[in-house]
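Each chain, written out:
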Amino acid sequence: MTDAFAHRRIFVSGAANGIGLACVKRFVDAGASVACFDRDAEALERLSARSRESRLTLSCGDMTSTEEVERAMRKSVEAFGGIDGVVNAAGIDLLRSLEDTDDEDWRRIFAVNLDGPMRVCRAALPHLRAAGGGTIVNISSGAGLMPLKHRTAYSASKAGLQMFSKALAMEAADFGVRVNVVCPGAVETGLLRSSIDKAPDPQQAYEAVLARYALGRVAEPDEIAAAILWLSSSESSYVTGTALAVDGGRTFH
Amino acid sequence: MDKPEGRFEGKVVMITGAGSGIGAGCASRFLSEGARVAIIDREEDGLAQLTSGFPADRVYAVSGDCTDESVVTGFHQSATEKFRAVDILINNVGQSARERASEFHESQEDVWRFVLEVSLLATMRLSRLVVPQMRERGGRILNMSSDAAFAGDAGLVDYATAKMGIIGFTRSLARELAPFGVTVNAVAPGAIRTRAHDRVPAAVIDRIRQQTPVGFVGEPSDVAAAICFLASDEARFITGQTLLVDGGRWMI
Chain P
1 MTDAFAHRRI FVSGAANGIG LACVKRFVDA GASVACFDRD AEALERLSAR SRESRLTLSC
61 GDMTSTEEVE RAMRKSVEAF GGIDGVVNAA GIDLLRSLED TDDEDWRRIF AVNLDGPMRV
121 CRAALPHLRA AGGGTIVNIS SGAGLMPLKH RTAYSASKAG LQMFSKALAM EAADFGVRVN
181 VVCPGAVETG LLRSSIDKAP DPQQAYEAVL ARYALGRVAE PDEIAAAILW LSSSESSYVT
241 GTALAVDGGR TFH
Chain U
1 MDKPEGRFEG KVVMITGAGS GIGAGCASRF LSEGARVAII DREEDGLAQL TSGFPADRVY
61 AVSGDCTDES VVTGFHQSAT EKFRAVDILI NNVGQSARER ASEFHESQED VWRFVLEVSL
121 LATMRLSRLV VPQMRERGGR ILNMSSDAAF AGDAGLVDYA TAKMGIIGFT RSLARELAPF
181 GVTVNAVAPG AIRTRAHDRV PAAVIDRIRQ QTPVGFVGEP SDVAAAICFL ASDEARFITG
241 QTLLVDGGRW MI
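Chains P and U are the protein sequences, given in the same order.
Taking our numbering, the leading residue of the first sequence gets 1, the next gets one more, and so forth.
Taking our numbering, the leading residue of the second sequence gets 1, the next gets one more, and so forth.
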């Protein structure tokens, strides 16, 4: 593999599964040190096999806790001597009509999908500044660009994450930090699987998902990771405040 | 991902307006990564610079005007005879005709026609020539928009109109070609250091720089890096998109 990320130190939230995990593998292969943050202790444990042979730190914690996010950031900075990249891949879905959405549902979605990345970015910024610059890539969703039915909370949280990222791109540019957003469509992950399985007719639900995308299929996590790595690399040095949809042709953003 | 060697080994890439600026930046990048490149530009000097560094089986250059349909048809025919069918088409050619720009109420229809021909219709014509074979073999089409399409450009109404037209073209063709393994995307650069850019008054450049969060004007290589990413296998799930490469100047 290339060593395009040699000497880079990347903090990845939601690192143990799906898109986050695909990123971790790619970053490691490209020579980076990676700080993995996830609330899924079991999945993190599976990553620990890799951590012996490569430059990984593992932190179990929740995006909804400022304290746990900050503790994980401190641990990563101590291990690597700093941080110069962030990927926020942690996120949760909610397929529910608004009338069935209670305050607790709503707050939970926003706490993870919007407040979570905000906490990680806020905790990382002093270190990115200290490193003399860096990159942040937040994983939003095609649903943050173009709505999906029965996903009011999810779509709103992902749209919020985009505007958060763009506003941050403006202030972070002053110290050489680029902030971009990747908006995936449906991705073959546990998150998608569990949403499909909850539908009354899972097969029909899956076909309805496929029909949304011009390419007629859902993405592999690695196809999303490819865009995340590009936006984290020096190849995209004039790109900031951008939302790049990697969605097989749904949003046409 | 710093210029992986040979990423485009064996690919045939066609680039319009490749004699200078962004088009030349794309051509050098594709050549350095192993592609065979067919290029066209009105001006021979820039083409000669590109062809001099590579053997004739790697680069094929034609000097001609992309607003002339017969020139474009001839270029496509001779390039595919020399190499083979096009894998990656970079529709880069375009002009703002800034030297003839005026406020809209005083604008001339012949200028509109020129700008639309070179910045929109040339893209549509060459795409129509490559699409039949791409429908059989797959491929990538990259179109050059501009952040002027989003931001608007007082005094350059025709140019911004053409560049927004590029986006509609990109989205529609992406839908049409998705079943055939062809992705179609656009890149919308902001202020990039090119010859056209060098003709912009210094006060305007200063204003642009102030409006650009990263605080500097981009290089053609910045746009070429985005084009090469979207043209690569890495971007196979991206289609119908417009990627801004503008230092954060216009955050849509």
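One thing to keep in mind: the hints can contain errors.
[Unchecked claim] Some, not all, of what chain P presents toward chain U, calculated at C-beta under 8 Å:
1) Arg96
2) Leu98
3) Glu99
4) Ala219
5) Ala227
6) Glu235
7) Ser236
8) Tyr238
9) Val239
10) Gly241
11) Ala245
12) Gly248
13) Phe252
14) His253
No wet-lab data here; the hints were simulated from the structure.
Ideal placement from N, C-alpha and C gives every residue a C-beta, glycine not left out.
What hint numbers does the structure not satisfy?
-> Failing hints, ascending: 1, 2, 3.
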